[in-house]
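Peer 1: The lines below spell out each chain.
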Amino acid sequence: MQPRLRRGESVLSKGSPVQQLLLAVFVAAAYVALASISAAVAYSPADAWTVWLPSGVVFGLLLSLQRARWPVILAGGWVGATIFAVGLGSGPLASAGYGFIEVIACGAAAFFVSRLTTLPARLDSARELVAIILGGALPLALIGAGMATFWHVADGGSTGATTFEIWALSNFLGTLLVAPMVIAWSGMRAKRSGGMPMPVFVAGAVVAVLFLGVMWLLFDRPVEKRIFGSAGPTLTYIPIVFMALVGLLWGTRGATAVAFIGALIAMVNTAQGEGPFAGVPGFTGDPELEVEAYALAIGLTGLLIAVLAAAQRNAVRAAREWKTRFEATIGAHRLLAYDWDPASGRFVVTGDSVQLLGRTPVQLSTLADWLAMVAPEDRERVTAHFDTRARGALDDDVLDYTLTGADGQVVKATDDARPIRDHEGSLHRIAGIVRTATTARSVA
Amino acid sequence: MSETAAPEVVAPAAPIAPSTPPPTAGTPDAVFLIHGLGGTQYDLGSMHKRLKNAGFVTHSLTLPGHGTAPEDLANVTAEDWIDAVVAKYREIKDQHPRLHVMGMCMGALLAATLAQRERHAKGQLVLLAPPVYIDGWATPWYRGLRPLMYYVPGIGRTMKIEEEDPFGIKNEQLRAIVKAKFERGENFHYRWVPLECIRQVDRLRGFVMKGAQDIRCPTLIVHAREDELTSLRSANFLVEKIGGGRARMVVLEDSYHMVCVDNDREIVAKNVLEFFGAALPGATSSLANEPKMTPEALQAAVAAATQRLAEGDWTGLRDLSIPDLAWVQPGVNRVSGAHAGKTFASFASRIAAGGAPRFTAFGSPTFNRGVALVPATLVAARDDASLESQGALLLAFHGGKLLEARWFADDVDREDAFFGEPDPVAAGPSALETSFEAAIAASKTMKKAPDNDALLALYSLYKQATVGDASGERPGALDMVNRAKYDAWSARKGTAAAEAMQAYVELVGKLRDGEGS
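For the protein sequence lines, the chains are A and B, in the order given.
Heads up, the first sequence is in our numbering, so the first residue is 1 and it goes up one at a time.
Heads up, the second sequence is in our numbering, so the first residue is 445 and it goes up one at a time.
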C-alpha cells in the first residue's frame, strides 16, 4: 500500500505502464460494479434510477490522486461506462457517447474543485467539503444531466425534463455517497500503531451496528407490517442520530462506508416496496424522491460531522504543536513566562517551572505563590515593585531578584515585565518573561 | 489474528564461536543489549551510557535487515534474528564474569528466546516493553486481519506498515523531536517495515509464548501501563510463565512504548541498574547494604581517597571513582551544590582555583557497610583570606569504586564567606561546553553514519573531553573494536579537555557540512 502523497508534492510520475494499466482496469471494473449495484437498487430500472453510484468513483479518484494520473482514471472511467452501456443494450456509438458524457462531467467537476481547494483532497475541512459538494458533485450532476438531456432531445426524445431530473438527482446522490468514501479510503495506510484508539473503534462499532440494525428494522418491512405501525415513518430520524455518532467516532472513513451501506439498505428496500417511504394507497408521495433525500441526509450528516471532527482534531494538533514549539523555545533559554491580572489576582506561569523552580504551574497560581519563592532578603523590594506594576505605573522595567526552588535551588531571576493596556490606555494585564539561572543548591 | 500462533521449529543456532579465554580478575560484568524492530540502539536511549558509567561493559549488535533500508527486512526471518543474537551471545559470554541480557520491544522477545534456548544463567534478563501481545490501545482496528494478509501472494514484501504518531512516546517535546527526525529521513529508525517482517515478529511472539516457562534466570520486566502497542497483559503473561519467584515487573505510569526515552526513562535506568546490582551514583543508602568489598579493601579505598584529598588533587579523585562520581558541597557559594558526572570536572577546576583547598587532619574513619565517615578539616588560603573549616567527609564505595562524597561542614557560613557568592555564569556551562553539548546532540542526528576513522576520532575526543586521559587495561586482540577505540583515546593522552572539546565541535561541524554538500 503506497503512502499517500503529501499536498503540494510535485510528483509527476504517472506510474509505470503496468501500474497505469492496473489503475485503468481498476477504475473500469469499479465503475461497472457500482453501475450494476445502481441498476439493482433502481426503483424502476426502465425510467427511474434512484442513485447513480459509478460517477463517484471516477470523481473521487480524480480528487484523491495526483493530476498526472487523471488521464488514466478518465480512460478507465470511459471504458467502464462504455462497457456498462453496451451491456444495457445500447449501440457502440451511443455507448461511447455516454462514456464521454461521464468523463467530461467528472473531469470538469474535478477541475472546478481544484480551483476552489487544494488537491489531493483530505476531507479535513468544511471548506473542502463545501467545494466538493457545490463545486464538484453538483456541477458533475448538472453537466452530465444537461449533456444527456441535449442528446436525448436531439435524438427526438420528448421527456427532456424527466431525463434531466432523474440524471441530475441520482448522479448527485451517488456522487456524494461514493466520492467521499473513495477520498477517505484512498488515504488509508497500514500502521503498526497510532491512529484511532481501540476504545474509540469499539464505541464506533457499537454505534455503527445500532445504525445499521435500526435501518434494517425500519426498512425491511412491507408497508402493511411496518414496525411501530403508522409511527414508523416518523422514526426515520433515529438512524441519523447514530450516523452522526459514527462520524464523530470513526471519522470520514467509517462514516462514508457506513452511510453507503445504510443508503443501500434504504434504497433496496424502498425499491422492493418496503420501508417507511414505500407507497401507501391514498397517500400522495414519491418514494423514489423521498428515499433519495433520506439517503442524502444520512450521507451528509455523517460526512459533515466527520469532517468537522477532523478539522477540530487538526486545530488541536496545530495548537499542540505550537505549544510544544513555544515550550521548547523558552525551555531552551531557561525562561518562564507569566501572565498576571492584578484585578482578579490570576497569575499563570508558562514554561518548565518544575525543572527550573521545582514547582508546578498550579503551585504558582497566585502572585503570593510567586512572591513566596523570592528570597527573604529580596521579598520586600520585589513585593513593592509588583505593587507599582499593578498600578500601571511602569511601562518598561526589568527586576533582578533571587528565587529559592522547592529543593533548595538558588535561582537568579531577571524579570522583564510589560503592561498590556486596553484601548483607553488602562492597565489590562502584565506579561512577564523571567530569565533564570540556577547557581547552586543549598545543602544543609 | 491468532494471539497464540503456533510456534515453529527453529533452525539450529549458529555454531559455537571459538572459545575465548576466561575473564581475568577485575574484568567487569557486561550487558548485552538488543534493539527493537526497525530500530537501532536509539531504542535503548541512554542505557548504554548509564550502564558504562556504572562500570559495565556493553555489547550490542545490529540485527539482520537493520541499519540499511526497510526493504532489506523483507527477506529476514525470525531465525536470522535469533541466530545473530545467539552467535553474539556465545561470542561474548565467556569474556565476563557475569553477562546480563537486555532487550527492547522485539529485542525483548529475542532476549527472552535467547535466555530460554541458551539456558542463560550467567546473569540476569531485562525485558523492556516485550510485545507478547499486540493489543495496545492505539493498535489499529484491522490488526486482527494480518494473518489473512500473510496468505496473499506478494503482499508481504510490498505492503508497508508505517510508524505513526505518537511514535511510542508520551512526552510531547520528545515526540516532536522524533517526528522531526523521521521527516528529515534520519537513519535512527525505519519509517516503515514490510508486512512480512510483522509476520516474523508474530512467529517470534509464538516462540516466546511457548518457551517462556523455560527461562531460568532472574528476570525484570519493565512495561508502561499506557503502552500503545502492547498492553500490560504481555508483562503479566511473562511474569506468570517465568514464575513470580524469578520474574518481577515494574509498571511505568507516565510513558508509552519507548520506555527508555520517554518520561519514565530515569525510573527505567534506576530499576535496571539496581536489578543488575550496579553501583548507583549518589545512592549511599543502597551501598550500605551491598558494598561488595572486604573490610581491608574498604580501608584501602578510604586511604587512597583521603590521600588525594590531602593533596588537593580533586581531578585525581576521578581515578578512584565511577564516571558519575557525585560530590556534594554544602552551603550557598561558588562551589556548593551537588556535582555529578560531567559537572564534576567543572566543579573540580572551580574549587581548585579558589585558594587551593585541601583536606587535612583526618580522624579515624567510622564504617557502616560501604560508607565511611571521616572527620576532617578543609583548609584553603588566598591572598586576602584563609579558611579552616572542620567537619566530616562521607565517602561511599561500591565494588572498589568511590561513588559519592559528601562534605558536612560544621560552619557552613564560614565556607560561604570564603568561597563567595554563587556566580551564575561560572556555575553554568561555558560557551565551549554549550557548543560541545550541541555538537554531541548533532552527532546523533546525522543522516549518514560517519566512516570508521571519523567515528574513532569522535569517540576519542569525546572521552578525552569528558573523562580525561585513557586509563584501564587495553582490550585484547580479539576485541578489535574496543581495542581500536581504546588506542584512539590513548593517542590523545595529555590533550586538555577544552582542546578536545573544541576539536570535537570542529569535527562534527565538518561532518555536518559534508552531509550538506
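Some hints here could point you the wrong way.
[Claimed, not checked] Footprint (simulated), chain B over chain A, 3 or more residues, beta carbon under 8 Å: (1) 96–102; (2) 188–200.
[Claimed, not checked] Once the Cα atoms are required to be at most 27 Å apart in a straight line, the calculated BS3-like pairs of lysine-lysine come out as: (3) A:Lys191 <-> B:Lys604; (4) B:Lys493 <-> B:Lys892; (5) A:Lys323 <-> B:Lys625; (6) B:Lys623 <-> A:Lys191; (7) A:Lys191 <-> B:Lys736; (8) B:Lys604 <-> B:Lys623.
By construction, these hints were calculated from the structure, which means they are not laboratory data.
Here a beta-carbon is modelled for each residue, glycine too, at the ideal position from N, C-alpha and C.
Peer 1: Closer than 8 Å, Cβ to Cβ, for at least three residues: run that test on the region 96–102 of chain A against chain B and report holds or violated.
Peer 2: violated (count 0)
Peer 1: Under the criterion that the straight-line Cα-Cα distance not exceed 27 Å, is the pair Lys493 of chain B, Lys892 of chain B satisfied?
Peer 2: holds (22 Å)
Peer 1: How does the region 188–200 of chain A fare against chain B when you require at least three residues with a CB closer than 8 Å, holds or violated?
Peer 2: holds (count 11)
Peer 1: Regarding the pair Lys191 of chain A and Lys604 of chain B, is the alpha-carbon distance no greater than 27 Å?
Peer 2: Holds. Lys191 of chain A to Lys604 of chain B sits at ~8 Å (cutoff 27 Å).
Peer 1: Does the alpha-carbon distance linking Lys623 of chain B and Lys191 of chain A stay inside the 27 Å limit?
Peer 2: holds (15 Å)
Peer 1: Do the alpha carbons of Lys191 of chain A and Lys736 of chain B lie within 27 Å of each other, as the hint requires?
Peer 2: The given pair, whose Cα atoms are some 49 Å apart, is violated under the 27 Å limit.
Peer 1: Lys323 of chain A and Lys625 of chain B were given as a pair; does the straight-line alpha-carbon distance stay at or below 27 Å?
Peer 2: holds (19 Å)
Peer 1: Is the hinted pair Lys604 of chain B and Lys623 of chain B satisfied, with a Cα-Cα distance of at most 27 Å?
Peer 2: Between Lys604 of chain B and Lys623 of chain B the Cα gap is close to 18 Å, so the pair holds against 27 Å.
Checked against the numbered hints above, the structure breaks hints 1, 7 and satisfies the rest.
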